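Chemist: Next come the chains, spelled out residue by residue.
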Amino acid sequence: MTGNDRASEKPIPSPDADSAQLWRGLRDGVLLLQHCDKCRHVQYYQQGMCRQCGAEDIRHRPACGRGKVHSFSVVHRAPGPAFKDDVPYAVLLVDLEEGPRMISTFTGGPPEDVTFDLNVTLVVEISGDGTALPRFRRS
Amino acid sequence: MSETTLRGKVAVIGIGISPVGKVPGRSPLWLAADASKKALADAGLEKSVVDGVLSCHAFASPFHRFSVALSEYFGIQPTFSNTLQVSGATAATMFNIGAAAIQGGLAKVILLTAGDSLMTGLTPEMALRSMTESRDQQYEMPYGIPVANTFAMTAHRHMREFGTTAEQLAEVAVVSRRHASRTPGAQQTAPITIDDVLNSGWVTTPYHKLDCSLISDGGAAFILTSAEHAKELGIVNPIYILGGGECYTHEHIFLMPSLTSTGAVMSSRNAYAMAGYGPKDMHIAGIYDCFTGTVIMMLEDLGFCPKGEGGRFVADGHMTYGGQIPSNTHGGLLSFAHPGMPGSLFHFYEVIAQLRGQCGDRQVAGAQLGLVHSLGAGYATNATTVLGTENVL
Ligand SMILES: [Zn+2]
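These protein sequence lines are chains A and B, in that order. Just add 1 to the spot in the first sequence (first one is 1) and you have my numbering. Just add 752 to the spot in the second sequence (first one is 1) and you have my numbering.
Hints may be right or wrong, so weigh each one.
[As the list claims (entries may be wrong)] Some but not every residue of chain B turned toward chain A, in silico, with C-beta under 10 Å: (1) T872; (2) P876; (3) G896; (4) I897; (5) P898; (6) H908; (7) R909; (8) T957; (9) M1008.
These are computed hints drawn from the structure, not numbers from a lab. Keep in mind it's a predicted model, so treat the numbers as computed, not measured. Think of the CB as a built atom: it goes at the ideal place given N, C-alpha and C, for glycine as much as any other residue.
Using the sequences and the hints, build the whole thing.
Modeler: Printed below as a string of structure tokens:
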């Protein structure tokens, strides 16, 4: 495969030992958050231990899917040919109701619909290559 | 704060830069080596006295151990070397670590250098990698998130929380361009207005093309040694490292503790404490300016103005001559040059040249104390160095 072939395709996430469950959950249409049994910390970024207290008693639970836009930026210049047809698209930092903040993109409407504090709802979208990604639409 | 200190123990005794901007046909190693030759000549030293080399990764170079490859290219065999990587903050960490290594006896004369050719030296694949390289392959890259986007979201939130305006962001670019117009060899020197910035087309909101730093080729180099050895060598105008500080608050932008307050607060606080000076004492600053909004947030976090007032501070003329803290008087990454890692080393070159009084018609009169702040990866990495002349030791 030449560099140009690869550049025209979107990056496919390779799950690792910390994140395998997250990607399995997304294939089933749910966003799994890690809840620490010990200190009640909730994390989106998947790890083999709690970021706050280090405990390994972590339970995966589906997110309720409700969140609020903390900040955003509409991409007009695509980072490479794979995203050329998608611009303009809005990248979001979403505060989930359970606490964690995550990065994602806006779906189901033009990027001009995005505002600060917009209430958004999780949508798990499956792309052509089979990758399931958590995105957000206006609630 | 630790009881041991770098304060005044190590001096910068040589500075050099390669041609910058569009420098076709020159590799990152050549650019670093060319700057290194000039820095040694500036110090009046032969390359044989260099026993330490610090450098950092170059996008347009295949070498993982750039500092080692550079030593071979330059024909030296140092007994201390490393290739550092904390993204854009690497520049200031090179000075901090170089000073610590000299004080700790690991090396006597350190060559600190970087070179890269982002403008003419990248293959399409390298260019793509340079755009997204530091983003997480699972959590960020699948969405198409350019590096610029993370900085854009922090600036956007700053506008939301503090009322910072697009015009205030643009003013940073206008001032930087005016500064560059007086700097020999700067890449962009044609004057621009706020309207030019606002009409230059979106990259990622709230950033237009002219809110973003340049893409360039270039290299820079410095020679560091102990204050005592600088004396032995009879160096005329050594510039001392007075304080250093760093701070690493997160890896992923969505885990940044606050989008509008950064690790620069802590890195600069530690650097000031070591130096025994505060922000109001600084005569000149080199502030990492990958984007216009970055400068506004850093002017706040480095203590030059209160949180939320950076936009007004810039609009009131405080980052240029006659203002509170003339910053990026060479034009910065926005207008002088931005070849990746070496970019922030040009801020060091300028601040040191200003402290030496060598800046001709862009000289800040009486500059004795200066600060350089480097940062990277959506504010994940922050490092500050305070420098001064013999008079302020
Ligand atoms: Zn815990």
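Chemist: All the hints need checking, so say for each whether the structure fits it.
Modeler: Structure-based check of each hint:
1. For T872 of chain B, the shortest C-beta to C-beta distance to chain A is roughly 18 Å, which exceeds 10 Å, and the interface hint is violated.
2. At its closest, the beta carbon of P876 of chain B sits 6 Å from a beta carbon of chain A; the interface hint therefore holds under the 10 Å criterion.
3. The closest approach between the C-beta of G896 of chain B and any C-beta of chain A is roughly 4 Å, which is under the 10 Å cut-off, so the hint is satisfied.
4. A hinted interface residue such as I897 of chain B counts as satisfied when its beta carbon comes closer than 10 Å to some beta carbon of chain A; here the least separation is about 6 Å, so the hint holds.
5. At about 4 Å, the closest approach between the beta carbon of P898 of chain B and any beta carbon in chain A falls short of 10 Å, and the interface hint on this residue holds.
6. Taking 10 Å as the C-beta contact cut-off toward chain A, the hint placing H908 of chain B at the interface holds, the least distance being around 5 Å.
7. The restraint placing R909 of chain B at the interface with chain A holds, with a minimum CB-CB distance near 4 Å, inside the 10 Å limit.
8. Proximity of T957 of chain B to chain A holds as hinted, the smallest CB-CB distance being about 4 Å (cut-off 10 Å).
9. Proximity of M1008 of chain B to chain A holds as hinted, the smallest CB-CB distance being about 9 Å (cut-off 10 Å).
The structure fails hint 1 only (numbered hints given earlier).
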